[in-house]
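J.: So the sequence lines, in the order shown, correspond to chains A and B. In this text, residue positions in the first sequence follow our numbering: the first is 31, and each later residue adds one. In this text, residue positions in the second sequence follow our numbering: the first is 996, and each later residue adds one.
The set of hints was computed from the structure by calculation and includes no laboratory data. Be a bit skeptical, because a hint or two may be false.
In silico EDC-like cross-links for lysine to aspartate or glutamate, where the CA-CA straight-line distance does not exceed 20 Å [as the list claims (entries may be wrong)]:
id	chain 1	residue 1	chain 2	residue 2
1	B	Lys1113	A	Glu188
2	A	Lys103	B	Glu1117
3	A	Lys199	A	Asp231
4	B	Lys1113	B	Glu1102
5	B	Lys1113	A	Glu82
6	A	Lys103	A	Glu82
7	A	Lys133	A	Glu145
8	A	Lys123	A	Glu145
9	A	Lys140	A	Glu130
10	A	Lys123	A	Asp144
11	B	Lys1155	B	Glu1174
12	A	Lys103	A	Glu180
13	A	Lys123	A	Glu138
14	A	Lys123	B	Glu1212
15	A	Lys123	B	Glu1117
The following residues of chain B were derived to be distant from chain A, with all beta-carbon distances above 12 Å [stated by the list, open to error]:
id	residue
16	Glu1006
17	Gly1036
18	Val1048
19	Phe1182
Model, not experiment: these values are computed from the prediction. Glycine is no exception: its CB is placed at the ideal position from the N, C-alpha and C atoms.
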Amino acid sequence: MGIEITGVSKRFGDFVALDDVSLSIPSGQLTALLGPSGGGKSTLLRIVAGLESSDEGQVVIEGRDTTGVPAQKRNVGFVFQHYAAFKHMTVAKNVAFGLEIRKRPKAEVKAKVDELLELVHLTQFAHRLPSQLSGGQRQRMALARALAIEPSVLLLDEPFGALDAKVRKELRDWLRRLHDEVHVTTVFVTHDQEEALEVADSLVVINDGRIEQVGTPDDLYDKPASDFVLSFLGPVTTLGDRLIRPHDIEISRYEQAAVVDGPITRWTRVGFEVRLEVTPTDPRHPDPVQVVLTRSDATALGLHPGDHVWLRPQPGADAVVHA
Amino acid sequence: MTPDTWDLVQEAFWPLLRGTLVGTIPLALISMALALNLALGVAMARLYGPRPVQWLARAYVSIIRGTPLLVQLFIVFYGLPSIGIRIDPWPSAVIALSLNVAGYAAEIIRAAVQSVPKGQWEAAYTVGMNRRLTLQRIILPQAVRVSVPPLSNSFISLVKDTSLTSLILVTEMFREAQEVAAASGEFMTLYVMAAVYYWVVCLALSAGQSRLETRLERHVAH
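Work the whole structure out from these sequences, hints included.
T.: See the structure below:
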């Protein structure tokens, strides 16, 4: 069941936002739609929600064909990047609203709102207005509001995009835990590969209105189907004539069978990591190679800026595609 | 100020106050209340009505804003009787004033509704509200807060514009001033007095507007 998307296309004027996209999102999972801005991932999410109509194709949510069904009748929970809090209502009222218009009994609404506010840790803010909350709190309120209607699917459009780095990290850990508790089929859009890899059960990489690859975070990271997926899911560098992740390169100060060799021309320390640039002596591959290793490895190997080093792929480095 | 002038000021004090309390202020309040209802209808017609209705709303706003209030008053009071519709000065004034203010207020309300972010509509749809309910419960309450300052300005203008109704024989404050002035010949004194009365009323309204805005502002920070 879950969400079945078949042959969905969408154009905005000449711009093709989605080109014949078919995708099956399993029930109960946390799925990330990942891709660069303008790639079509938000458009796809909005089509599922009914906030945008598709030119062609069909969306079936939990066995129900949604063609022609307006957003308000799809029973989807939607969380927006910029919260879209109802500013003139208190936090509790925001959450209760979807239930009140469904004419649920007062006591039931109150119980449900209390339960949800507890779940999103906003109980003590129930009577505040959204303007009195921080960004992270507002987004948690928006999530409670979306969950209140007991949606068949929960959709989040760049939910943490407007928050600062620390809060973003907290909230995504929290979303993961929340999903483990609530188990509603959840799809979230992000352009942040780290966020997607960390939170999602399964990833859908979307670029230029097409699906590049679908799989678990491990699948995509280790067995990328294309250069695009490889380079989108993390840093890559060119070693000889191949693309490889900078931490999958073995580096040595002693001459060994190597793909390229050359001096360390750049040395940057970021926290526990050391990022190097090695400029190959081989004129056929003149571009500097990026290498990443831990500080302790760099010390153990006795590396210094300017040293001549030999580079080759680590044994078992799968993420290699011919450039 | 000569003693004679002082006597005149004291003599005119009550008639002018009476004109303000039974003429100017009720005229402005009633016209404003009617105008707001009409303006809401016109704004909704212009935003969400079927094409011909949108066009009618647009034409109405254009005509009202493109013609002087004095001419509108004259058409209602002096013009309509020649096609057999005779209306007393007071109701004539209320009709012309409210039609006039509604033309401007409709545009203010339309702009305020459009200033509410699109995300509010979408958020309301996804929790299950239809368009009408969204408008009533989500969009209009937020639009009201945006439109209070410009609507207050319209109201203050309206209070001053009621002076024009003296020309269709409504006994409001300025008409009282004109009558005392004509009888005594002290035009300067009486018209300055009338100016002071308007100013005081508008001062009070401005104070009220500030308080109302502060109260509403608490809810719309960000």
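J.: Could you run down the list of hints and mark each one as holding or not?
T.: Quick rundown of the hints versus the structure:
About 17 Å separates the Cα atoms of Lys1113 of chain B and Glu188 of chain A, which keeps this hinted pair within 20 Å; it holds. This hinted pair checks out: Lys103 of chain A and Glu1117 of chain B have alpha carbons roughly 13 Å apart, not beyond 20 Å. Using a Cα cut-off of 20 Å, the hinted pair Lys199 of chain A and Asp231 of chain A holds, with the two alpha carbons roughly 17 Å apart. At most 20 Å may separate the alpha-carbon atoms for a hinted pair to count; Lys1113 of chain B and Glu1102 of chain B meet this at roughly 19 Å.
The hinted pair formed by Lys1113 of chain B and Glu82 of chain A meets the criterion: a straight-line CA distance of about 13 Å does not exceed 20 Å. For the suggested pair Lys103 of chain A and Glu82 of chain A, the alpha carbons sit about 14 Å apart, so the restraint of at most 20 Å is met. Straight-line distance between C-alpha atoms of Lys133 of chain A and Glu145 of chain A comes to about 18 Å, which keeps the hinted pair within the 20 Å bound. Between Lys123 of chain A and Glu145 of chain A, the direct Cα distance comes to roughly 14 Å. Compliance with the 20 Å bound is thereby established for this hinted pair.
Simply put, Lys140 of chain A and Glu130 of chain A have alpha-carbon atoms about 10 Å apart, close enough for the 20 Å limit, and the pair holds. As the CA atoms of Lys123 of chain A and Asp144 of chain A are separated by approximately 11 Å, the hinted pair is consistent with the 20 Å bound. Between Lys1155 of chain B and Glu1174 of chain B, the direct Cα distance comes to roughly 18 Å. Compliance with the 20 Å bound is thereby established for this hinted pair. The hinted pair formed by Lys103 of chain A and Glu180 of chain A meets the criterion: a straight-line CA distance of about 13 Å does not exceed 20 Å.
The straight-line distance between the Cα atoms of Lys123 of chain A and Glu138 of chain A is roughly 14 Å, inside the 20 Å bound, and the hint therefore holds. A distance of roughly 19 Å separates the Cα atoms of Lys123 of chain A and Glu1212 of chain B; the hinted pair therefore holds under the 20 Å criterion. Distance hint between Lys123 of chain A and Glu1117 of chain B is fulfilled; the C-alpha atoms sit about 17 Å from each other, no more than 20 Å. Against chain A, the non-interface label of Glu1006 of chain B holds: every CB pair exceeds 12 Å, the least being about 51 Å.
Every beta carbon of chain A lies more than 12 Å from that of Gly1036 of chain B, the smallest distance being close to 22 Å; the non-interface claim holds. Against the 12 Å criterion, Val1048 of chain B stays outside the reach of chain A, whose nearest CB is about 23 Å from its own CB. Once the 12 Å rule is applied to beta carbons, Phe1182 of chain B is consistent with being away from chain A; the minimum gap is 51 Å.
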